[in-house]
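Chemist: Protein sequences, first through last, are from chains W and F.
Under this note's numbering, think of the first position of the first sequence as 771, with each following residue one higher.
Under this note's numbering, think of the first position of the second sequence as 771, with each following residue one higher.
Everything labelled a hint here was simulated from the structure, so no lab data went into it.
Identical copies go unnamed one by one, so any copy, or any two together, can satisfy a pair.
Derived lysine to aspartate or glutamate pairs resembling EDC-like cross-links, with alpha carbons at most 20 Å apart:
1) 952 x 930
2) 968 x 996
3) 968 x 937
4) 952 x 1046
5) 845 x 821
6) 834 x 1051
Spelled out from the first residue to the last, the chains are:
There are 2 protein chains.
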Amino acid sequence: MSLICTGTIGIDTVYTPHGHRERVLGGSCTYFAAAASFYGSVRVVAVAGEDLPQPHRDLIARFKSIDTRGLEIRKGSKTFAWGGRYHANMNSRETLFTELGVLAEAPPSVPDAFADSEFVFLANSHPAVQAGLLARFPHRRLAVADTMDLWINSARPELDALLRRIDGLVLNYDEAELLTGKANAVAAARHVLTMGPKFVVVKKGEHGCLFVHRDGMAALPAFPSERVIDPTGAGDSFAGGMMGYLAGQAWAEPGSFRSIQSALAHGTVVASFNIESFSLDRLVTLTRAELESRFREFTGMLSVG
Amino acid sequence: MSLICTGTIGIDTVYTPHGHRERVLGGSCTYFAAAASFYGSVRVVAVAGEDLPQPHRDLIARFKSIDTRGLEIRKGSKTFAWGGRYHANMNSRETLFTELGVLAEAPPSVPDAFADSEFVFLANSHPAVQAGLLARFPHRRLAVADTMDLWINSARPELDALLRRIDGLVLNYDEAELLTGKANAVAAARHVLTMGPKFVVVKKGEHGCLFVHRDGMAALPAFPSERVIDPTGAGDSFAGGMMGYLAGQAWAEPGSFRSIQSALAHGTVVASFNIESFSLDRLVTLTRAELESRFREFTGMLSVG
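Kindly generate the complete structure, drawing on both the sequences and the hints.
Modeler: As structure tokens, this is what we get:
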């Protein structure tokens, strides 16, 4: 079934204890789509500037299942650029610079051919922009959004309005607490359910995720990784694996507790590959066989009964 | 099979955002034994002072499967006392006071009747004391120790010697990094395997645990809990559930990857009850049926395949 992601194409400069990369391909939509592409076709709606280097365009094209008809290269504009530095344990980072570029302009437009999309992921963006994009998908069966502290602090009415229209919210641990004022992650996630969504996924990085759904609750560890080279895009590739898996199955009810629960395990495994190198370097070489092998390894780790 | 724990009996004063308790029953051996008692008999080796209040002695006695022949009440001595305050999110705490009392005196003695113990847990203590106690159990089949930053920093040669003699080490996330100088938890745990133990369990509190064994690796989340009243004793009750389960089964090889992996899930579930109230208040009312019901719930959360 048709999956679509709206989000950013970015040019990232990343410093980690393992090295650094300048102006490599990044962006939420990019990571999401690369991860989701292992499960089937994925449509992207994003805008980049004329300055998006050809090698970056070529890299996106190497993911054959990404449908780039909604990827706009805007003349006279500059691509969103971000620079960050990770601290020693990779669990926290500081932003070095942010150049909004096209993100400060009109949002991307949705091709008419994408109007029938059924699985919709709204990567982190201003919630009013997310709401405007969401309205373009009247046939949606499952709509999930990401958000961040910036919008929780600066666009709360718009975020609240968005929450009433989506099925699921994914956000980071600290952001769940910020959004709800609850100091306990379970309490925070449960509180989000009163704001609209049917389910919430709290992303905890190396500590996995917490999943609270109207019909149940679960938690998953991350896949234990010794080779964390660059965590950039971990959350977006996690969401991409999750949504890609959901869109690739024939669910009677794609938003059910059990279907999301399984999908989270797939997201966890794809994300565990993504962090093994900078940019999309690992995902572009990843094979289905490697993905399936690690998925079996992961489920084996959870077989404790 | 015979399980024994060496550790402390304590009198705790605890402040949390949910309230406080003064001079309630605590101590590593107490929490461990209470948790382990749900799986079979557990021997304790610990020493308290004459001042241990009678209600505290009565509370220990309510756990029928705790064999207290190794619990010494030392005349003229004072019981170890600890005071701590938890921060808002319960993930960190500060120590308000520590009164060593009997802990500054001779260690407890091991009754001859306990010399045949096969499953040995050495709760956190000076590693030289742990090593002396360990030597009293020549028939041991599985020996596991806990340690802490204090000994990593102040008694490293003794700790290194102990590590060469035990099968498994449990320790906190930060302590694993401190012990090994590795900023990645998996790398830290793997490094510990080069120091002697066959397996390491890295405790991460609300984020569950990481398990690295010579024959494999796994991670488990904590049981998601909205009702965290007092985390004191979580690590010790976790270890008690783990060791209690192991001692209660007829393993060909109790230290195998699969046996420990299952045991960690039991430890996780017992610990999730312990944190629901102060002191041993929840464990003393806990039933086997409640324990089994939550264990099924927990394994259901991990059924993602």
